[in-house]
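So you can see what is in the structure, the chains are spelled out below.
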Amino acid sequence: MDSILEMRGITKTFPGVKALDNVSLKVERGEIHALVGENGAGKSTLMKVLSGVYPHGSYNGDILYDGQVQRFRGIADSEGLGIIIIHQELALVPLLSIAENIFLGNEVQRFGAIDWPATYARADELLRKVGLKEPSSTLITNIGVGKQQLVEIAKALSKRVKLLILDEPTASLQENDSEKLLDLLLEFKAQGITSILISHKLNEVSRVADSITVLRDGAAVSTLDCHTGSIDEARIIKDMVGRDMAHRYPERTPRIDGILMEVFDWTAHHPQHPDRKVVKGVNLTVRRGEVVGIAGLMGSGRTELAMSLFGRSYGQNISGRVKMNGQEVDVSSVGKVVEAGIAYVTEDRKALGLVLDETMAKNISLSNLEEVSSHGVIDEGTERKVAMDYRDALNIRTPHVFQKVGNLSGGNQQKVVLSKWLFAGPEVLILDEPTRGIDVGAKFEIYTIINRLAAEGKGVVMISSEMPELLGMCDRIYVMNEGAFVGELSAAEASQEKIMSMIVRGRAA
Amino acid sequence: MTTLSSEIAEGGKARVSVADYLKHHIRDYGMLVALVVIMAFFQIWTDGVLMKPLNLTNLFLQNSYIIIMALGMLLVIVCGHIDLSVGSVVGFIGALAAVMMVSYDLPVIVTVPACLLAGALIGAAQGYWIAYWRIPSFVVTLAGMLVFRGLTLALLEGQSIGPFPKSFQALSSGFIPDPFGLDFKLLSLLLGVAVGAGMIVFGLRARAKQARFSHLDEPLSFFLAKNGVIAAAIVYITYLLATYNGLPNVLITMAVLISAYTFFTTKSVPGRRIYAIGGNEKAAKLSGIKTERLTFLTFANMGMLAALAGLIFAARLNTATPKAGVAFELDVIAAVFIGGASMSGGVGKIMGAVIGAFIMGVMNNGMSIMGVGIDWQQVIKGLVLLAAVIFDVYNKSKGET
Numbered sequence: 001m002d003s004i005l006e007m008r009g010i011t012k013t014f015p016g017v018k019a020l021d022n023v024s025l026k027v028e029r030g031e032i033h034a035l036v037g038e039n040g041a042g043k044s045t046l047m048k049v050l051s052g053v054y055p056h057g058s059y060n061g062d063i064l065y066d067g068q069v070q071r072f073r074g075i076a077d078s079e080g081l082g083i084i085i086i087h088q089e090l091a092l093v094p095l096l097s098i099a100e101n102i103f104l105g106n107e108v109q110r111f112g113a114i115d116w117p118a119t120y121a122r123a124d125e126l127l128r129k130v131g132l133k134e135p136s137s138t139l140i141t142n143i144g145v146g147k148q149q150l151v152e153i154a155k156a157l158s159k160r161v162k163l164l165i166l167d168e169p170t171a172s173l174q175e176n177d178s179e180k181l182l183d184l185l186l187e188f189k190a191q192g193i194t195s196i197l198i199s200h201k202l203n204e205v206s207r208v209a210d211s212i213t214v215l216r217d218g219a220a221v222s223t224l225d226c227h228t229g230s231i232d233e234a235r236i237i238k239d240m241v242g243r244d245m246a247h248r249y250p251e252r253t254p255r256i257d258g259i260l261m262e263v264f265d266w267t268a269h270h271p272q273h274p275d276r277k278v279v280k281g282v283n284l285t286v287r288r289g290e291v292v293g294i295a296g297l298m299g300s301g302r303t304e305l306a307m308s309l310f311g312r313s314y315g316q317n318i319s320g321r322v323k324m325n326g327q328e329v330d331v332s333s334v335g336k337v338v339e340a341g342i343a344y345v346t347e348d349r350k351a352l353g354l355v356l357d358e359t360m361a362k363n364i365s366l367s368n369l370e371e372v373s374s375h376g377v378i379d380e381g382t383e384r385k386v387a388m389d390y391r392d393a394l395n396i397r398t399p400h401v402f403q404k405v406g407n408l409s410g411g412n413q414q415k416v417v418l419s420k421w422l423f424a425g426p427e428v429l430i431l432d433e434p435t436r437g438i439d440v441g442a443k444f445e446i447y448t449i450i451n452r453l454a455a456e457g458k459g460v461v462m463i464s465s466e467m468p469e470l471l472g473m474c475d476r477i478y479v480m481n482e483g484a485f486v487g488e489l490s491a492a493e494a495s496q497e498k499i500m501s502m503i504v505r506g507r508a509a
Numbered sequence: 001m002t003t004l005s006s007e008i009a010e011g012g013k014a015r016v017s018v019a020d021y022l023k024h025h026i027r028d029y030g031m032l033v034a035l036v037v038i039m040a041f042f043q044i045w046t047d048g049v050l051m052k053p054l055n056l057t058n059l060f061l062q063n064s065y066i067i068i069m070a071l072g073m074l075l076v077i078v079c080g081h082i083d084l085s086v087g088s089v090v091g092f093i094g095a096l097a098a099v100m101m102v103s104y105d106l107p108v109i110v111t112v113p114a115c116l117l118a119g120a121l122i123g124a125a126q127g128y129w130i131a132y133w134r135i136p137s138f139v140v141t142l143a144g145m146l147v148f149r150g151l152t153l154a155l156l157e158g159q160s161i162g163p164f165p166k167s168f169q170a171l172s173s174g175f176i177p178d179p180f181g182l183d184f185k186l187l188s189l190l191l192g193v194a195v196g197a198g199m200i201v202f203g204l205r206a207r208a209k210q211a212r213f214s215h216l217d218e219p220l221s222f223f224l225a226k227n228g229v230i231a232a233a234i235v236y237i238t239y240l241l242a243t244y245n246g247l248p249n250v251l252i253t254m255a256v257l258i259s260a261y262t263f264f265t266t267k268s269v270p271g272r273r274i275y276a277i278g279g280n281e282k283a284a285k286l287s288g289i290k291t292e293r294l295t296f297l298t299f300a301n302m303g304m305l306a307a308l309a310g311l312i313f314a315a316r317l318n319t320a321t322p323k324a325g326v327a328f329e330l331d332v333i334a335a336v337f338i339g340g341a342s343m344s345g346g347v348g349k350i351m352g353a354v355i356g357a358f359i360m361g362v363m364n365n366g367m368s369i370m371g372v373g374i375d376w377q378q379v380i381k382g383l384v385l386l387a388a389v390i391f392d393v394y395n396k397s398k399g400e401t
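Protein sequences, first through last, are from chains A and B.
Residue numbering for the first sequence follows the working numbering, beginning at 1 and increasing consecutively.
Residue numbering for the second sequence follows the working numbering, beginning at 1 and increasing consecutively.
Keep in mind that the hints are not guaranteed to be accurate.
Derived, one-sided and incomplete: chain B residues facing chain A with beta-carbon distance under 8 Å [as the list claims (entries may be wrong)]: (1) S268; (2) V269; (3) R272; (4) A276; (5) A283; (6) L286; (7) G288; (8) G346.
No lab work stands behind these hints: they were computed from the structure.
Note that CB positions come from ideal geometry on N, CA and C, so glycine has one too.
Whole structure, please, built from the sequences with the hints as guidance.
This is how it looks when you write it as structure tokens:
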């Protein structure tokens, strides 16, 4: 066999981070090559280098395609050679028809005008190839995610694809749609199209893949040939997670008391697709002084669980009960849930947590303005004092508390969001990816704050994609997958391998 | 770790030179300086007519309704919306008042509150769709603009209705009584002196209070100069007005409203929340703020202020005409943007909007005196609006790098 693609010694750095470190990848012609790894392992970055999203010159290393060194300046260059990438977030225009989407940017023209009959005829033909029966005049918004995925593939076919790259194609699909998609990949293989499949799901990977490359922390750890012997899932999992604890965690002796918060049978549906359950019957318990982790991949429903709990800020048809200190509480609005003693620190601090144009002091007081005002009039002196107290307590580095939060660093912004919610006086804090996008030093400080909160008898729920972080911080870890809790581990029994295998097998190990 | 951060805080408190301070606050004072320059320009080119007591009085009367609406529009724009219907509401409320008082002989004391309530209901009706149904405010108020212009025509049956009772006219063209019985309206001047002095005293007290906490970046010399000049300007203007008829009633109304809305936007809890909604609606909502209700109330408030402006405008013309208030929304919105409010919401000051309205007003007035045609007046006003916003955006982008 000859190889269609060879990436040699690819290194890509972003300011302060080495996203890819000397990665080599070899894909044989006509095979299905799976690329697996944790969130942030570098899979998507590698594919962006390949497709020219990061142009030649912005990385080190060589790309050999069809035996020639390529220097892609943009996506147009790689697509011209038949390398088509289908991203996890589909790039379709909802209110255009299937046919219009397929030929978007590549319209079928006659004398400079769009040739509609030819457009629809060719689109219908492509749809047949991917097994879609919808007429190509159907609007994208009227078909489900699974079929949209197929439209993306039809679009790729229209560009004479030779190397098809699918980034987590089944992440948002139902089981039978996933099956169909995998069958389609096998069919393409028979026609001589090479595919790279990025996936977390080992059962899918082992069903279709000819070889598997595992990426971890920006490096290619191993490549397995699936035809020489059976696939050892345990080994793949170990390769995916098997790093040393990269960070240190502050010491803490847990002093765990009685039950503080209980959630029973919590269920929520997707805001746009009422028939899709995003959170499925979750039961959760938090004790005083306890740090509880929720592990799971992106899209597993962790944020959706937290936000639907937090005053129904996400989803629809939400059901379930919440008890605080044994008393059932009303969590139907943000105001009520805060009053019940629950706070949620969002994973997206810029879009959902902060008013970036406002000062640090005004951001901190925002969720509890009553506390700094009397009869509806804000006492700026009190507000300032509160901000200064939090600045000192959480060590927020800012010239003064009237600094616009948009000008603070990520770590300090995170501390401002934390301050805001601490000021609301909660008993339980739900922290969603509290250390995302902040540097190692600031992470340690956030960990210290979390430990201090637990020591004060508060309950902390920590959602994180970084497993070492959960293992280093939590007393107990729930594992979430596809909207449900698939397992629960105590700190003593938890390990990255156990968590990962619960996720990829979709059940307790 | 406490010492480190407080050291930085002390560093921030270190003395700031006047030049440095101005460089960082150029956005705050740029438009005020522009207003003064524009006034000086017209004062020279109109041979001193601009600042004549009679003209000055007219300047306030002519612009009062724009300024009053600019207060409500500032809140609407800070909240991230726009209201295009205010000009039509001015016309409609004028017509409603005329029908009530002239056709049905209802007393002024009934008409005025009823019209204000009607305005609030109009605003609420539009705000309902905007806040709870998330229909874009541009569309809802564009519809409102057409609807209320049409209803104005229907109410007046295409005619002008007037004149109004004397007590209603006083709303706009009356002056505060002077107990001293002199030719010179001493009370008006005394009021001006009181406001000027009060401004300095309150300013100093607020400054002292601020100084107790670490943050104080405005140099004292600058503070005194600024407040001294503004107080002197207030006293001088009231002196000029006192040599004529004294302070117009509408100036008092305006001053009270400006103070109230300044207080509301800077010190009150709901005011603060409106800024948060405009700055980041999702974050505001996740902070437990009832974003829909506040947006709704912002529009109801706008409707009420538009109604007040409609009454004042009708009282000033002493007649309700179908054309009343046409294109007022543009002047009001322009005033708010000239005053530094951000199109995307979350940013803007009451005093900025007031200064913006005065810039437009002084230019209208000055160019009319100079005999500039209405054609070129529009061109120049358009360019000033564009320049003001470019200046603002330029300063902001410079501040961010």
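Consistency of the hints with the structure:
With 8 Å as the threshold, the beta carbon of S268(B) comes within range of chain A, its nearest partner Cβ sitting at about 5 Å, so the hint holds. Proximity of V269(B) to chain A holds as hinted, the smallest CB-CB distance being about 5 Å (cut-off 8 Å). For R272(B), the interface hint holds, since its Cβ comes within 8 Å of a Cβ in chain A; the closest pair sits about 6 Å apart. For A276(B), the suggested interface contact is upheld, since its CB lies about 5 Å from the closest CB of chain A, less than 8 Å.
Taken as an interface hint, A283(B) checks out: its beta carbon lies about 6 Å from the nearest beta carbon of chain A, inside 8 Å. Interface restraint check: L286(B) against chain A, minimum CB-CB distance 6 Å, threshold 8 Å, status holds. The closest approach between the C-beta of G288(B) and any C-beta of chain A is roughly 4 Å, which is under the 8 Å cut-off, so the hint is satisfied. Taking 8 Å as the C-beta cut-off, the interface hint given for G346(B) holds, the closest approach to chain A being about 5 Å.
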